[in-house]
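Turn these sequences into a full structure, and let the hints steer you where they fit.
In case you want the letters, here they are:
Number of protein chains: 2
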Amino acid sequence: MDRRTLVEQIRKKQSYLCIGLDTDSTKIPKHLLDAPDPVFEFNRQIIDNTKDLCVAYKINTAFYESRGVKGWDSLERTVDHIPDNILRIADAKRGDIGNTSAQYAKTFFETYHFDAVTVAPYMGADSVKPFLDYKDKWTILLGLTSNTGASDFELQQMGDERLFEKVLRTAAGWGSADNLMFVVGATQADEFTAIRKLVPDHFLLVPGVGAQGGSLKDISEKAMNRDIGLLVNASRTIIYASDTVYFAEEARAIAQQYQFEMKEYLK
Amino acid sequence: MDRRTLVEQIRKKQSYLCIGLDTDSTKIPKHLLDAPDPVFEFNRQIIDNTKDLCVAYKINTAFYESRGVKGWDSLERTVDHIPDNILRIADAKRGDIGNTSAQYAKTFFETYHFDAVTVAPYMGADSVKPFLDYKDKWTILLGLTSNTGASDFELQQMGDERLFEKVLRTAAGWGSADNLMFVVGATQADEFTAIRKLVPDHFLLVPGVGAQGGSLKDISEKAMNRDIGLLVNASRTIIYASDTVYFAEEARAIAQQYQFEMKEYLK
Chain E
0 MDRRTLVEQI RKKQSYLCIG LDTDSTKIPK HLLDAPDPVF EFNRQIIDNT
50 KDLCVAYKIN TAFYESRGVK GWDSLERTVD HIPDNILRIA DAKRGDIGNT
100 SAQYAKTFFE TYHFDAVTVA PYMGADSVKP FLDYKDKWTI LLGLTSNTGA
150 SDFELQQMGD ERLFEKVLRT AAGWGSADNL MFVVGATQAD EFTAIRKLVP
200 DHFLLVPGVG AQGGSLKDIS EKAMNRDIGL LVNASRTIIY ASDTVYFAEE
250 ARAIAQQYQF EMKEYLK
Chain H
0 MDRRTLVEQI RKKQSYLCIG LDTDSTKIPK HLLDAPDPVF EFNRQIIDNT
50 KDLCVAYKIN TAFYESRGVK GWDSLERTVD HIPDNILRIA DAKRGDIGNT
100 SAQYAKTFFE TYHFDAVTVA PYMGADSVKP FLDYKDKWTI LLGLTSNTGA
150 SDFELQQMGD ERLFEKVLRT AAGWGSADNL MFVVGATQAD EFTAIRKLVP
200 DHFLLVPGVG AQGGSLKDIS EKAMNRDIGL LVNASRTIIY ASDTVYFAEE
250 ARAIAQQYQF EMKEYLK
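Protein sequence lines, in the order shown, are assigned to chains E and H.
Going by numbering that gives the first Met the number 0, the first sequence opens with residue 0, and the numbers climb by one from there.
Going by numbering that gives the first Met the number 0, the second sequence opens with residue 0, and the numbers climb by one from there.
Worth flagging that the hints you see were computed from the coordinates, not collected in a lab.
C-beta atoms are modelled at their ideal positions from N, C-alpha and C, and glycine is treated no differently.
Some hints could be false.
[As the list claims (entries may be wrong)] Subject to a maximum C-alpha distance of 25 Å in a straight line, what follows is the list of computed BS3-like cross-link-like pairs (lysine-lysine):
1) E:K69 / H:K69
2) E:K128 / H:K11
3) H:K105 / E:K29
4) E:K26 / H:K105
5) E:K26 / H:K128
6) E:K11 / E:K128
[Said to hold, decoys possible] Simulated restraints on C-beta separations:
7) H:A176 / E:N224: 46 to 52 Å
8) H:F259 / E:L32: 38 to 44 Å
9) H:P35 / E:H80: 26 to 32 Å
10) H:G172 / E:E160: 49 to 55 Å
11) E:H112 / H:D33: 26 to 32 Å
12) H:G172 / E:T192: 29 to 35 Å
13) E:H30 / H:D79: 34 to 40 Å
14) E:S214 / H:D36: 49 to 55 Å
15) H:D36 / E:R43: 50 to 56 Å
16) H:A252 / E:D83: 50 to 56 Å
17) H:G172 / E:D242: 35 to 41 Å
[As the list claims (entries may be wrong)] Okay, the calculated bits of chain E under chain H, using three or more residues with CB under 8 Å as the criterion:
18) 64 to 73
19) 105 to 112
20) 136 to 147
21) 153 to 163
Rendered as structure tokens:
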């Protein structure tokens, strides 16, 4: 999916919501466990009930990988069920030397039909570039994450900036606002104004709203750019809104609340 | 596998060789392509012909993931074929917020029977600790990698040390020399003496010998500690030594050269 299409979808749906499918097979409603693939059945109903309210789904691969081959089957069915006009993000946080990163890029962009993959920056340019080589695909590089461990390295001073700022500034030159986004956690709301000065045009993927406590209002006020430039992710607050047979309708209700709020900020 | 067993195996085999199974399905000898699982058949023959010469096998998961479910099947068969007295390393470079890293730890330590997994440090303590919670399993944290991109962030100054030094010093306190190793690339030979001052007791996993040009002699002289403390990895130079029907014997011949050389340095 190219940038123009993504921005069009945001304006059309009046939403920059990304729904995180961190689907834990031990947390899905009991009545689904008799389905041939309970995790896919859960995801299918979530997608069918929310696809008009969001512009992206983010599949957290760890929750699928931990179930082995059955998990990868659920992942494949899920990504193939997402409509083409919605961005399909593999939240996989890969990154390795060039010939290995090329294999990871192949995994998510060719073997599975994702539009975007999250990548860790630690190993530098040649570990990221194989992902950027794909046309109309997105590399979403970790910048400042939402967890407490962000203070260990990301927030530490490196010369006259902090590590995550150096990552944003340096990596912005490896790609463009058309193929590179950055992860910035919603729990880091104080940082968004400064981050927008470093990367004014790039999309930011913002996890940490909801269960992790970040504020949608704060982020939207501080980080929106002229092309919106935001994908705000919520996972657990939406997909685990209820564990009854009405889980998908309850998930829709929460997603709808986010979309209503986003519509306000888009005015 | 605990540290005592690993050190015993090194002394018994007179080897600290790790063989990297970066098995690319497009690079294996043609005569194997008729086997039900050509990648496993290749790995099986490599393992059967080298298992007395090495103390670890490192499976680069990217080369398996890129083949989808078939690749994970090959990976599972391969790890299950490695004898119990040899360290089974998943070179997966994972790392995410705590609840997600816990899923990755489960993937490699429970769903698949690995003894160790490589982890990226960028996201800090809570992204690494779920791996360290497993008894008799190893977390192998990226320190200073062998690729050119190491200069982008890892080698940049952070206060009075460089980022990779801060990672080694900080992370050493998250685990112990009994459950935590560090990746230090063989191409960074000048750094080994200083690194040993920072982490005198930890094992170092050293990729980059062979195809990437690092010197086994340099590393062994500078980085060996009283418990040896080294696992030196070679991948492509061993497994792709030949593409004939004798590929496994040729791989053995190269592995034997490394082991002969290591035996000298162990004196």
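The hints, checked one at a time:
1. E:K69 / H:K69: 12 Å, holds
2. E:K128 / H:K11: 43 Å, violated
3. H:K105 / E:K29: Measuring from Cα to Cα gives roughly 22 Å; hence the hint holds.
4. E:K26 / H:K105: 16 Å, holds
5. E:K26 / H:K128: The given pair, whose Cα atoms are some 23 Å apart, holds under the 25 Å limit.
6. E:K11 / E:K128: 32 Å, violated
7. H:A176 / E:N224: 46 to 52 Å: Given about 48 Å between the Cβ atoms, the range holds.
8. H:F259 / E:L32: 38 to 44 Å: 56 Å, violated
9. H:P35 / E:H80: 26 to 32 Å: 31 Å, holds
10. H:G172 / E:E160: 49 to 55 Å: 26 Å, violated
11. E:H112 / H:D33: 26 to 32 Å: 30 Å, holds
12. H:G172 / E:T192: 29 to 35 Å: Between G172 of chain H and T192 of chain E, where Cβ atoms are some 34 Å apart, the hint holds.
13. E:H30 / H:D79: 34 to 40 Å: The hinted range 34 to 40 Å holds for H30 of chain E and D79 of chain H, with Cβ atoms some 35 Å apart.
14. E:S214 / H:D36: 49 to 55 Å: This hint holds: roughly 51 Å between Cβ atoms.
15. H:D36 / E:R43: 50 to 56 Å: With a Cβ separation near 31 Å, D36 of chain H and R43 of chain E fall outside 50 to 56 Å, so the hint is violated.
16. H:A252 / E:D83: 50 to 56 Å: 52 Å, holds
17. H:G172 / E:D242: 35 to 41 Å: Cβ of G172 of chain H to Cβ of D242 of chain E: about 39 Å, so the range 35 to 41 Å holds.
18. 64 to 73: holds (count 7)
19. 105 to 112: holds (count 5)
20. 136 to 147: Our answer is that it holds, as 5 residues pass the Cβ test (under 8 Å) against chain H, meeting three.
21. 153 to 163: Satisfied; 6 residues make the cut.
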